[in-house]
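Trainee: In our numbering, the protein residues as written are 209 to 357.
Simulated from the structure, these hints should not be mistaken for laboratory data.
Keep in mind it's a predicted model, so treat the numbers as computed, not measured.
Be careful, since some hints might not be right.
The calculated label-pair distances, taken between Cβ atoms and stated as ranges, are [what the hints assert, rightly or not]:
# : residue 1 : residue 2 : range
1 : Arg240    : Gly298    : 27 to 33 Å
2 : Gly338    : Arg233    : 20 to 26 Å
3 : Gln337    : Ile262    : 27 to 33 Å
4 : Glu301    : Asp218    : 16 to 22 Å
5 : Pro288    : Arg243    : 15 to 21 Å
6 : Glu247    : Ser332    : 32 to 38 Å
The beta carbon of each residue, even a glycine, is placed where N, CA and C say it ideally should be.
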Amino acid sequence: MPCSYSYFADVPLIAIRYSGRITSRALLNIARELRTAPEFDPRFDLLIDMRALIDVDFSANDLLGHAMRLAMEKKGLARPVRYAVLIDEGNEEVRALVRTYLGYTALAENVEFREFGDAVAAASYLGVQGTAEDILARASWVEVDDGSG
Numbered sequence: 209m210p211c212s213y214s215y216f217a218d219v220p221l222i223a224i225r226y227s228g229r230i231t232s233r234a235l236l237n238i239a240r241e242l243r244t245a246p247e248f249d250p251r252f253d254l255l256i257d258m259r260a261l262i263d264v265d266f267s268a269n270d271l272l273g274h275a276m277r278l279a280m281e282k283k284g285l286a287r288p289v290r291y292a293v294l295i296d297e298g299n300e301e302v303r304a305l306v307r308t309y310l311g312y313t314a315l316a317e318n319v320e321f322r323e324f325g326d327a328v329a330a331a332s333y334l335g336v337q338g339t340a341e342d343i344l345a346r347a348s349w350v351e352v353d354d355g356s357g
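Turn these sequences into a full structure, and let the hints steer you where they fit.
Mentor: Below you can see the structure in the form of structure tokens.
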């Protein structure tokens, strides 16, 4: 499965991993699963690993819709929620997607969204000891149906 997530209550953090080809359906499915999981807390920061993402198949409208739901969810929180996105800096398609999303999330109150090619910098941004690799290595991944089957 190209989508998976893991909760870390001790940090508090949600890690999301995308790999292969991601569609609009996959984006919706992982958002739905995250929000309905008993561990979900809208105040958790996120570490999103897109380094193994090869292809994206969703539109700017899909991203805008996701950003607007995000904005409503985070509105009124006491502090901004940080999103650290790990990317393969050589993958121009993913970089363009992340930049589009960055533009939309600027509309969302209480959301800070940044891209990183470096796992140490991502962890530092999230205020976590070690590296993002350390976090991802101890994840208990829950795989999400991407809707392709």
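Trainee: Compare the structure with each hint and give your call.
Mentor: Now for the hints, and whether the structure bears them out:
no.	hint	result
1	Arg240 x Gly298: 27 to 33 Å	holds (31 Å)
2	Gly338 x Arg233: 20 to 26 Å	violated (34 Å)
3	Gln337 x Ile262: 27 to 33 Å	holds (31 Å)
4	Glu301 x Asp218: 16 to 22 Å	violated (35 Å)
5	Pro288 x Arg243: 15 to 21 Å	holds (19 Å)
6	Glu247 x Ser332: 32 to 38 Å	violated (24 Å)
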